[in-house]
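Peer 1: Chain by chain, the residues:
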Amino acid sequence: MKVFLMYKDHDFDVQQELPLNEPELTQDLELDTLFNAMALGDYFLQDAAKKVIFAGLKDRPDSILYRQSILKDCLNNPVIVRNLYKIAEDAMETKQKNHWGWLLENSNPAYVMSVSVGALQMFVGNMKQLRTLADEHADKFESDGFKTLFAMIKKELDTPYFTLIQNHLRRLEFHHGILIGAELGKGNEGANYILRKPLDKKLNLMQRLFTKKSPVYSFRIETRDEGGSKALEELRNKGIKSAVNAVAQSADHIDSFFSMLRFELGFYVGSLNLHEQLMKIEEPASFPEPAEVNERQHSFSGLYDICLALTVKRKVVSNDLNADDKDLVLITGANQGGKSTFLRSIGLSQMMMQCGMFTPAETFRANVCDGLFTHFKREEDITMESGKLDEELKRTSLIVDRLTLNSIVLFNESFAATNEREGSEIARQITMGLVEKGIKVFFVTHQYEFAHGLYERKMPNAVFLRADRETDGTRTYKLSAGEPLQTSYGEDLYKRVFVNDKS
Amino acid sequence: MTFKSILFNTTGEGANEVISDAPAFFVDLNLNQIIDAITAERDTYNLQPFFFTPLHSEDAIRYRHEIMQELKNENLMTAIKSFAGQMVVIRRYLALSDKLIYKYFKEGWFLEAAVQYYETVNNLAHDLSAIELKSRGFLAFRDYLKNYTGSDAFISLSTDAKKLSADFSDVKYSLHIHGLTVRVRKYEGETDFSVEVAQTFEKFKQGTVKDYRNKLREGTDVNDVEARILDFVAKLYPPIFAGLDGFYEQHSHFVNETISFFDREIQFYVAYLEFIAKFQPAGLNFCYPQISSVSKEVNDSEGFDLALANKLIAEGSSVVCNSFYLKDRERIFVVSGPNQGGKTTFARMFGQVHYLASLGCPVPGKEARLFLFDNLFTHFEKMEDIKDLRGKLQDDLVRMQEILAQATPDSIIIINEILTSTTLQDAIFLSKKVIEKIIGLDLLCVWVTFVEELSTYSEKTVSMVSTVNPENPAVSIFKVIRKPADGLSYAHAIAEKHHLTYKSLQERIKS
Numbered sequence: 021m022k023v024f025l026m027y028k029d030h031d032f033d034v035q036q037e038l039p040l041n042e043p044e045l046t047q048d049l050e051l052d053t054l055f056n057a058m059a060l061g062d063y064f065l066q067d068a069a070k071k072v073i074f075a076g077l078k079d080r081p082d083s084i085l086y087r088q089s090i091l092k093d094c095l096n097n098p099v100i101v102r103n104l105y106k107i108a109e110d111a112m113e114t115k116q117k118n119h120w121g122w123l124l125e126n127s128n129p130a131y132v133m134s135v136s137v138g139a140l141q142m143f144v145g146n147m148k149q150l151r152t153l154a155d156e157h158a159d160k161f162e163s164d165g166f167k168t169l170f171a172m173i174k175k176e177l178d179t180p181y182f183t184l185i186q187n188h189l190r191r192l193e194f195h196h197g198i199l200i201g202a203e204l205g206k207g208n209e210g211a212n213y214i215l216r217k218p219l220d221k222k223l224n225l226m227q228r229l230f231t232k233k234s235p236v237y238s239f240r241i242e243t244r245d246e247g248g249s250k251a252l253e254e255l256r257n258k259g260i261k262s263a264v265n266a267v268a269q270s271a272d273h274i275d276s277f278f279s280m281l282r283f284e285l286g287f288y289v290g291s292l293n294l295h296e297q298l299m300k301i302e303e304p305a306s307f308p309e310p311a312e313v314n315e316r317q318h319s320f321s322g323l324y325d326i327c328l329a330l331t332v333k334r335k336v337v338s339n340d341l342n343a344d345d346k347d348l349v350l351i352t353g354a355n356q357g358g359k360s361t362f363l364r365s366i367g368l369s370q371m372m373m374q375c376g377m378f379t380p381a382e383t384f385r386a387n388v389c390d391g392l393f394t395h396f397k398r399e400e401d402i403t404m405e406s407g408k409l410d411e412e413l414k415r416t417s418l419i420v421d422r423l424t425l426n427s428i429v430l431f432n433e434s435f436a437a438t439n440e441r442e443g444s445e446i447a448r449q450i451t452m453g454l455v456e457k458g459i460k461v462f463f464v465t466h467q468y469e470f471a472h473g474l475y476e477r478k479m480p481n482a483v484f485l486r487a488d489r490e491t492d493g494t495r496t497y498k499l500s501a502g503e504p505l506q507t508s509y510g511e512d513l514y515k516r517v518f519v520n521d522k523s
Numbered sequence: 016m017t018f019k020s021i022l023f024n025t026t027g028e029g030a031n032e033v034i035s036d037a038p039a040f041f042v043d044l045n046l047n048q049i050i051d052a053i054t055a056e057r058d059t060y061n062l063q064p065f066f067f068t069p070l071h072s073e074d075a076i077r078y079r080h081e082i083m084q085e086l087k088n089e090n091l092m093t094a095i096k097s098f099a100g101q102m103v104v105i106r107r108y109l110a111l112s113d114k115l116i117y118k119y120f121k122e123g124w125f126l127e128a129a130v131q132y133y134e135t136v137n138n139l140a141h142d143l144s145a146i147e148l149k150s151r152g153f154l155a156f157r158d159y160l161k162n163y164t165g166s167d168a169f170i171s172l173s174t175d176a177k178k179l180s181a182d183f184s185d186v187k188y189s190l191h192i193h194g195l196t197v198r199v200r201k202y203e204g205e206t207d208f209s210v211e212v213a214q215t216f217e218k219f220k221q222g223t224v225k226d227y228r229n230k231l232r233e234g235t236d237v238n239d240v241e242a243r244i245l246d247f248v249a250k251l252y253p254p255i256f257a258g259l260d261g262f263y264e265q266h267s268h269f270v271n272e273t274i275s276f277f278d279r280e281i282q283f284y285v286a287y288l289e290f291i292a293k294f295q296p297a298g299l300n301f302c303y304p305q306i307s308s309v310s311k312e313v314n315d316s317e318g319f320d321l322a323l324a325n326k327l328i329a330e331g332s333s334v335v336c337n338s339f340y341l342k343d344r345e346r347i348f349v350v351s352g353p354n355q356g357g358k359t360t361f362a363r364m365f366g367q368v369h370y371l372a373s374l375g376c377p378v379p380g381k382e383a384r385l386f387l388f389d390n391l392f393t394h395f396e397k398m399e400d401i402k403d404l405r406g407k408l409q410d411d412l413v414r415m416q417e418i419l420a421q422a423t424p425d426s427i428i429i430i431n432e433i434l435t436s437t438t439l440q441d442a443i444f445l446s447k448k449v450i451e452k453i454i455g456l457d458l459l460c461v462w463v464t465f466v467e468e469l470s471t472y473s474e475k476t477v478s479m480v481s482t483v484n485p486e487n488p489a490v491s492i493f494k495v496i497r498k499p500a501d502g503l504s505y506a507h508a509i510a511e512k513h514h515l516t517y518k519s520l521q522e523r524i525k526s
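Chains W and V supply the protein sequences, listed in that same order.
If you're matching positions, the first sequence starts at 21 in this note's numbering and goes up one per residue.
If you're matching positions, the second sequence starts at 16 in this note's numbering and goes up one per residue.
Don't take every hint at face value.
[Said to hold, decoys possible] Within a straight-line C-alpha distance of at most 25 Å, the following computed DSS-like cross-link-like pairs (lysine-lysine) qualify:
hint: 1; chain 1: V; residue 1: K220; chain 2: W; residue 2: K175
hint: 2; chain 1: W; residue 1: K250; chain 2: V; residue 2: K512
hint: 3; chain 1: V; residue 1: K525; chain 2: V; residue 2: K512
hint: 4; chain 1: V; residue 1: K121; chain 2: W; residue 2: K206
hint: 5; chain 1: W; residue 1: K92; chain 2: W; residue 2: K335
hint: 6; chain 1: W; residue 1: K457; chain 2: V; residue 2: K475
hint: 7; chain 1: W; residue 1: K106; chain 2: W; residue 2: K78
hint: 8; chain 1: V; residue 1: K118; chain 2: W; residue 2: K346
hint: 9; chain 1: V; residue 1: K118; chain 2: W; residue 2: K250
Note that these hints are calculated values from the structure, not bench results.
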């Protein structure tokens, strides 16, 4: 029984490592704001959101589209989806109630047996609920993912199956001693102990007609012999071990099914939570068009920084861009002109698209990437300038180590920790080095020599954006295409801060 | 050629000439740290003496180079490693068998060791025959193995062990435990109940599951109850157990001594190669040096202090490489320059590469020509010695005199900051006296000193200078070079340090 709500043909790998630059991405893109909005305080939903969103950096358009249609089903049937999630959640609580899942190293097999049998009995109830929900609501869902899931539940969980389970659980009570099969292993130590089911009496008679009966040797441990009875208990435990393993693994199987259901559905429940909040502040959410990883597409309208919108709880400034067939987007211009916000919205929308969610934009189309990296200023860095440049380059080098050819790198005012001539030269070499390898670079910079130098090259694969200001100096926080200018309008900022200073 | 040792060629030194104590210069050159790191986790092989014993002939070194290079062949290395792993198991089984008191368990573990042994030796012989070998050492060893595996003793050991263990694999019995009574009889065809349970719930399986079997508590040591059961099983299968008794008597001491030696000695190479492998991801190179016992025109490009590199890599820091060369009549490196600039590190590196080369090992560097010395002397200032000034100066000179008395033109002397406990004028005077003697001996020398006058003292001296970043003298770049730094701007230098120039990026990012 497979859940398959993430991929058409395989499970989501819950154990996978987060990308190595997870801490940087989380900090620079303020991802915690996004995760919190999805989780609404539920630790488990937060975990699912985080893992799926980061794993999205490896996903391709086909699985993105697969999830989009499942998410559309969720948006159409939010109550049913939340009920389904509740069943999985209850099953997990069964586990907690039974103290099962807390088995430690060196547990006593007899104890594990009784706990596992108990857990199996409770899971039967959860499975029956699942069956009822599928019977009542399956016809309201249109996505491949949900259709397959409900069909499978109906096929696998029927009455005869529930009966079979009960019979097995009863047999494991051992009223007439334990029959153990064994062989000789290394060093003649007893090995391959197996719990055997005694032959039925009838069959046993038939068998005795054909097989030569083995002699039987027996001995009895003295009641006072403590060492002996301890050894006997160990032997008994070895004998039931294979069955204990089977029973405990069976409970694990069912547990893992519900746990997978809860995890994969948890991502969609998180998306539902997020969607409801965006609707409340009237921000758009649209399903993006993912393009293949080797294409270079990046076009959108009405793209906004979702974390900013969630924080201020109202509509925020948005931007449009057509950067199809471009490898480099260089952003210059006014201080506090929305450049960092723009850079964040690029990273956030990419991650949201790649995990199968809606994007925070009116329309959004981009190629998927196989790695997303951020290189933002580290404000807390208080070392001397040279140490700071060293630190920035160290981080850059780490990014280069981890780069794949279809990565996106977001630089935010990088390599400014030295004089402009040197900083520009370093920035130029790094940018050109990356872009020529086909890596998509978004670079926000104040360094005129760097920006202007690249502009002069008239590269066909580069776009230059400028943070605008009105003629009176007020910021629009909108970006538009434009040649880099020599000043970053620090004077404007100065004037605004020192309103009454006439000099 | 008959095979004696994988470490020493038959015409050269014998295995019994191994030195058991570390040479005097080990601590000064931090070689003790290096050898400790190399031999860590291989205590049972007692490899250190091999690393304390330098070779004195070019051919003995070549013998090891051949073997070391041959081990680059992954198939060979895999074969050797699996051989070593199996030999460990064999020794463990034999020790267990020795220790046990219950007869059938004792004999059982002995049989287990024998089975493992003939398989191990056969596997190695088979693996080696499939590999195209060139080194003299491995070729001779392969021949030896071929003869040994064809010998009567070995064949009878394998045949007997094989037959016995096949017999034992047919033993199947049942235990019925009810209360305190145990019944033992042969197996009569009952089915496995756990399989039925597992099948019922199989459909929920989501991937790999926890295996409870290893987590469940059970007894480990062989005990009385198990011994009694085994005695009954022996009664159920009398001929098989009689065969085991015979085997135990007939084949005692079956491990061949030459193979046992090989198992230990080959670890010298494996340990060294494993150790240096961890430097390669950091971009550090090792090379097989050309060794000469005649030419003193030594060089090494991009060498490094192996002990320091080992520490830095563990911390994730980068390692600075340094190069050196001597040509014509040049013999002596006089290293001066700012402190914390890598001077001592340079001196150690020079000593280390020469010593490691004398072991027949690859050395730090891209390419090297090194001298096969007869003796290596170090004279490092001992900072921790608290003595009055005259005493210390005197000690320095006494030690220097001892070294010069023993040194020959084929020796190497490494001096680090001595004669500091006096006035500059004295130091210059004494240093000049000492260097005259060194020049007279025509030996190779590295001398770290603040007495810059020494660097231009003769045609045999070469000046090496430690450098720091010119724009920020607080930052050392740990480069020791023949000429002063050429004033590269700091930013560019630092970008280069991180391999982030346009050119390096083109190389680093693979299309």
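Peer 1: For every hint, state whether the structure bears it out.
Peer 2: Structure-based check of all given hints:
1. V:K220 x W:K175: holds (16 Å)
2. W:K250 x V:K512: violated (66 Å)
3. V:K525 x V:K512: Given pair K525 of chain V, K512 of chain V holds - Cα atoms ~20 Å apart, limit 25 Å.
4. V:K121 x W:K206: holds (11 Å)
5. W:K92 x W:K335: Satisfied, since the Cα-Cα distance of roughly 23 Å is no more than 25 Å.
6. W:K457 x V:K475: Given pair K457 of chain W, K475 of chain V is violated - Cα atoms ~50 Å apart, limit 25 Å.
7. W:K106 x W:K78: violated (29 Å)
8. V:K118 x W:K346: Status violated; Cα separation ~80 Å.
9. V:K118 x W:K250: holds (22 Å)
Of the numbered hints given earlier, the model fails hints 2, 6, 7, 8; all others are met.
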